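Single-letter residue listing:
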Amino acid sequence: MPQAIEPMGPASTGRASAALLPHLTTVPRRTGPLPALALAGKAFWRVPRESHYAKVGLVIYLIFALTAIFADQLVNYEPLEILFADNYQLRRNLPPTADHWLGTSYSGRDIYSQLVMGTRSALAVGLTAAICVVAIGTLVGLIAGYFGGWIDNLLMRLADIALGIPFLPFVIVLASFMGAAQSNVVLGIALLLWPNSARVIRSQVMSLRERAFIEAARVTGAGKWRILFVHIAPNVLALSFLYTSVAVGWAILTEASVSFLGFGPSDTVSWGYMLQDAYASQALGRGQYNWFIPPGLCIVFVVMAGFFISRGYEEVLFPKLKG
Amino acid sequence: MKYVMSRLLYAILVLWIVGTILFFMFRLMPGSPLAAFIDQTTTLEQQQALIARFGLDKSLFQQYTIFLQNALQGDLGQSFFHRRPVTEVVMEALPNTVILTLSGLVVAYIFGVLAGAYLAWRRGSAVEGIGIPLALATRAAPEFWLGMVMLAFFSFHLGWFPAGGANSVGLEYDNEWRRIFTVDYLHHLILPVLTLAIYLQGLPLLLMRSNMIEILQEEFITMSKMKGLGSRTIVLNHAARNAMLPVATAFALGIGSAIGGNVVVETIFSWPGIGRLLVNAVSASDYPLAQGAFMIITAVLVAMNFVADMTYHLLDPRIRHAASN
Amino acid sequence: MLLSVKDLKIQYKTRKGIVHAVDGISFDVPEGKVVGIVGESGCGKTTAVRSLLRVMPPVASYAGGEINFDGSDILKLSEREMNKLRWRDIAYIPQSAMNALDPVWRVGDQIIEVLTKRGGFKKAKAKLRAEELFEMVGLEQKRLRDYPHQFSGGMRQRASIALALALSPRLAIADEPVTALDVIIQRQVLDTFSRLQREFGLSVVLVTHDISVVAYVCDYVVVMYAGKIVEKGPVKDVLSSPSHAYTIGLYNAFPELSADEERELSPIEGGPPQLLNPPEGCRFRDRCPFAQEICKQEPVEVQVGPEHFSLCHRAHEAAEMREKARDPAVWRGVVTA
Amino acid sequence: MHEEILLDVKNLSKSFILSRSVGDVIHGRHPQVDAVSDISFTLKRGETIGVVGESGCGKTTLGRMLLKLIEPTSGSIDFGGEDLASLDRDSELAFRRRAQLVFQNPFDALNPHFTIRRSIYEPLVNTRVPENQHDQMVADVLIRVQMDRMLHLLDSYPHQLSGGQLQRVVLARALVLNPEFIVADEPVSMLDVSVRAGILNVLREVRDTMGLAAVFISHDLALVRYVCERTITMYMGSVVEDGPTRDVINRPLHPYTRALVQAVPVPNVAQSHEPLALTGNLPDARNPPPGCRFSDRCPLAEDICRQSRPPLRTAEPNRRVACFMVPEMVAETG
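Residue numbers (our numbering), protein chains in the order written: chain A, 459 to 781; chain B, 329 to 653; chain C, 1255 to 1591; chain D, 81 to 414.
To be clear, the hints were calculated from the coordinates, so they are not data collected in a lab. One should not assume that every hint holds.
Pairs of lysine-lysine residues, derived as DSS-like cross-links and limited to a Cα-Cα distance of at most 27 Å, are as follows [as the list claims (entries may be wrong)]: (1) C/Lys-1263 - B/Lys-553; (2) C/Lys-1371 - B/Lys-553; (3) C/Lys-1396 - C/Lys-1371; (4) C/Lys-1267 - B/Lys-553; (5) C/Lys-1578 - C/Lys-1490; (6) C/Lys-1270 - A/Lys-500; (7) A/Lys-513 - C/Lys-1267; (8) C/Lys-1270 - A/Lys-513; (9) C/Lys-1490 - B/Lys-553; (10) B/Lys-553 - C/Lys-1376; (11) C/Lys-1338 - C/Lys-1376; (12) C/Lys-1267 - C/Lys-1330.
Model, not experiment: these values are computed from the prediction.
Just chain A, same shape as in the assembly (with noise of 0.2 Å):
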């Protein structure tokens, strides 16, 4: 504790105060938004602790972003190689046994090698798509809400027209005329999605606005931008980074469906080609569970990691939303 110091009075704020000056100067000031970013990464780990669903979310995240890491070690074949028997016979719809752990597709395709391999495709469509939406839809939330007026307008009508646009068959009309690759889904995704972030945001940008440290960075001279990145989007990372998590799932959703439609690219392996094979191939006819139960079950689990680490984050950082 400090020691002893005289009563206060006009004079004697000179001496008090210089007594006071080490402890002021030998700590470093931090002045940036950093210090706001570091809060929110104490607060990336501190959640899991506290939330189960925030743990078996992040758990599954982590066995698939593994598994896509290393699928080229994990498969047993080529996904997309046709597979002759010895007797060069094609190893069509052979069930699951010591070579094939999941089978063969009607092609003659290690269905194991395939699901696995589409792990890859998932996570990339996913990550970039949600990345994409989430970034559009918190800088738009973050300037229509912070700079209302005309802009605000202008931003919240570009949000009705694009929630007037059907998503699906936008992204198929997308697919089917530029040309059926991931990219062009990711582009759909990033066009159409991004207007329920950006209204979620903005309406906590709103409500951030009229909260009283703002006033008071206004009425100690901050100046306008630095208001909006050092006091403002600190405060809606966390909710950002929620949207992240639930929109990589509906972007991996919205890639099967797609693929799922026959409108994804044949090259690449996914777990929405996988289905839309084993549909074309009758293998719902045939009762091959091991081949179309497999990737779907993967899509849930995926998806479902979205939901729980949102979920989880969610109770822990907005309490009083608790849902």
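Put chains B, C and D on the given structure of chain A with help from the hints.
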């Protein structure tokens, strides 16, 4: 009132802009729309005739004005594939989609609201521990995969339901309504509706639950307990009524997005709806039909977004008064 | 004696452990009298009064003591029997009626609901009674059709009073009913409330943090600090001769309009102890300028006047404490933490 | 005691335009609320003025306009010789160093992501005060707000502090730039009574040691009496009385101020209980009564009160009042 007018204006504006985007998208996209019909065999004259017939020789702007005039009178051009007016083809498919979507949504929302309220009331119990992950799982499952599993199990494996289509082959009906109100149609409808319902019930369930939980912690609920009101009265007359507002809005939004979204369900069950029509039209590059189907889906989506806006605005007295005075 | 609370204990289960929000309080509410409960945030006054209706959040639980209402201990009643009492005998007036009224119901309907569902009124008779209640509290009848958000602050509090008096209860519990109101509206609502209180011989437990409101409306006052009652008695005695260091401190910290001489206010330094594991002995000890060794032991209630009690080891030296406490320097430097 | 005028407010008004309902459109009405209408007063260097009134009377809007946080609809504010409306970027920064705001809600006035230390340094960073002076200025202000014994709090976050401690930090942040003028908007209304006195004493201390001019906004007359030498009472956007605090409280001239003083309860049992000398409740701000805005509730209202608005005129040496009926009053109460 002013709010209603301005939102209506915006809705029409959005519809017009989306129509325009759509129009140019179909024309400016790489890959000529007529590619599917022009191959080595067709002679030059035939090509000219085809282009002229579909008005592709006029300037882009002229095509656009014609398109607008026709659209306003409900004429969306000729379908390449069906050789019939697009509107006619689309109108045949629309009832199937509407019935499928509405029945799916109604089943989903009734189940979702009841289950959500129940989970909110049994907060912190074991039921919740299973309920929420299950609800999240249904939202995480792709619709078409759910359809595949249902088809494989109930139709092929157990044979309880037909494997697709809306009516058994060979049955004749003299008019549209007779076709729909038959047991056979219903028998075809069950699996697709069930699939749609399983997929769609996640949203109302989670929404109702979180609303109920939030409202059950409100001061006026504690006040109701102090008034000695029974828990049934409190839950139904007070908590549920407040919690229903966002759910009603979600229902309207649900209709809009479902009509656009159940393209996959219609495809998997080969249900002759507008979604499947669009997919087939796009893969067959029959772009007038694709464009027409797309426009109808968009119109319904924009209309439903407007309706959702209105339901929230009219149902909640706080907002109704704020906007009008 | 209409209500007599004996050694009531209430605790909250929190993640960090058990919080003893109310730790053995006893006070009485004579028939037709207004008893004010004064205390600062976190002293347990709201928990205490809400427990009288046995409506508590799931994490809260009774940990001892009795609440004798009209002779019988309501803690021993079954839920059904207790529910009979609610609103028919004991009613509640909230601090801010804005969130105490259902936002999507008309205010009139909420009164009629209580009348029909709990008071056995028929629909038509209930409507008449609602109009009569609004008349009584000074609100126009046409207001019955409006929604809560269309009421101003003062009108909402009047509507809450009307709601509370619907079934002519014998005891009304008011939790800071006028705190959120402006001075003039506060005075008008208080006047209406005390007129009706006298007219119906209503017993009232009034929770507030403002001792001038206590002086204006109450017959008795109970001063709460950190879950305990530190002083209680008739208002004129407690205000004229406060006998607990905290009450004295509260009085000196209170800016007064009518004080003629230039008296400097003296704050009570530090803050109330956390109630997770409260310090043993007198809980005001660390902030009290008159604390001595003896204060480390659990204080016992000392009678300092007819119906006037203080939970202070030095209650008998109250006069001397009051004199010393007038000098602000006494209060400065007490807390070093 | 103070001579040079620091703040000169001339005919200041602020009205907020409301969204027009269809009814308004039909009748050609442009509904607006005159939050502040035609207020003029001067404030000398080192003088503390209390602004008292019920919620909705415009006192907060007035406070925000004095600090250039809200643009007035008409009228001008002259601060230290410069018209606030015409400040360019640099002179506005200089103005920020000279005028600061103390907030009402300490729990909301500090950025939850900033440590206490960083919040106090923020004004120095924003107004580009040379870095080498920062530590000295912060040390001085910590002494001034008596936080010298709370240094352990500097590195904690706002949610770890009590209301009283937070309000001291808010005060420190407002005073760290050694301003000449502060607006305190209900600085203690969110605090417990026992803690309020601490903040009020710091405000009085700072008023005397720093020669600070201050506008102290409150709905509680007792607080204003304790801190301010001079008091203005406001009703529905305009000033109804202005004078030395002691006189305004002991001998209020305007009927509204009389009702305000009479309505305040005091902590002694023998206080009077006779009903207030005014009727009805606050009219709707969207269409105030014509003429004097208090006319529909005033016990002394005559026809003239209902037709024209009473000007704020000097009824006694440095006491102004906006009421036609006042001269009879002065004679009557002597």
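Each hint, compared with the structure:
| no. | hint | in the structure |
| --- | --- | --- |
| 1 | C/Lys-1263 - B/Lys-553 | holds, 22 Å |
| 2 | C/Lys-1371 - B/Lys-553 | holds, 13 Å |
| 3 | C/Lys-1396 - C/Lys-1371 | holds, 23 Å |
| 4 | C/Lys-1267 - B/Lys-553 | holds, 21 Å |
| 5 | C/Lys-1578 - C/Lys-1490 | holds, 21 Å |
| 6 | C/Lys-1270 - A/Lys-500 | holds, 21 Å |
| 7 | A/Lys-513 - C/Lys-1267 | holds, 25 Å |
| 8 | C/Lys-1270 - A/Lys-513 | holds, 22 Å |
| 9 | C/Lys-1490 - B/Lys-553 | violated, 36 Å |
| 10 | B/Lys-553 - C/Lys-1376 | holds, 22 Å |
| 11 | C/Lys-1338 - C/Lys-1376 | holds, 19 Å |
| 12 | C/Lys-1267 - C/Lys-1330 | holds, 22 Å |
Violated hints amount to a single one, hint 9; each of the other numbered hints is respected by the structure.
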